Amino acid sequence: MRRVKQIVSCVPAVAFLYAVIAGTVFAFRHPWATDTEAAVHVRSVLCFEKVPYDVMRPREGK
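So the sequence shown is numbered by the working numbering: it starts at 1403 and just counts up by one.
Derived by calculation from the structure, the hints in this document are not laboratory data.
Just so you know, these numbers come straight off a predicted model, no measurement behind them.
Just to be clear, a hint being listed does not mean it is correct.
Computed spacing ranges between beta-carbons, pair by pair [unchecked claim]:
# : residue 1 : residue 2 : range
1 : R1404     : R1445     : 28 to 38 Å
2 : Y1455     : I1409     : 19 to 29 Å
3 : W1434     : R1405     : 40 to 50 Å
4 : V1442     : F1418     : 13 to 23 Å
5 : P1460     : F1430     : 19 to 29 Å
6 : P1460     : V1422     : 24 to 34 Å
Using N, Cα and C, we set each Cβ at its ideal position, and we do this for glycine too.
When you get a sec, could you build the whole thing from the sequences and use the hints?
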């Protein structure tokens, strides 16, 4: 039971570390993206997906 508590107590730290790494990778892949765009595409950030520029910033008047 003690081992389970130790593992469970590590889960938030591991999740936070994963989010930091995913955000860093996203920032390197999309240097032009703002923080707001990263927040809108948070699923893509956490899944390490690359988002095309035209999807993130669609042209007006299309």
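Here is what the structure says about each hint:
Our hint of 28 to 38 Å for R1404 and R1445 holds, since their Cβ atoms are close to 36 Å apart. With their beta carbons about 41 Å apart, Y1455 and I1409 fall outside the hinted range of 19 to 29 Å. Roughly 46 Å separates the CB atoms of W1434 and R1405, a value that falls within the hinted 40 to 50 Å. Evaluation of the 13 to 23 Å hint for V1442 and F1418 yields a pass: the beta carbon distance comes to about 21 Å.
Under the hint 19 to 29 Å, the C-beta atoms of P1460 and F1430, about 23 Å apart, fit the expected range. The hinted window of 24 to 34 Å between P1460 and V1422 holds, with their beta carbons roughly 29 Å apart.
Violated hint for the displayed structure: number 2, the only one.
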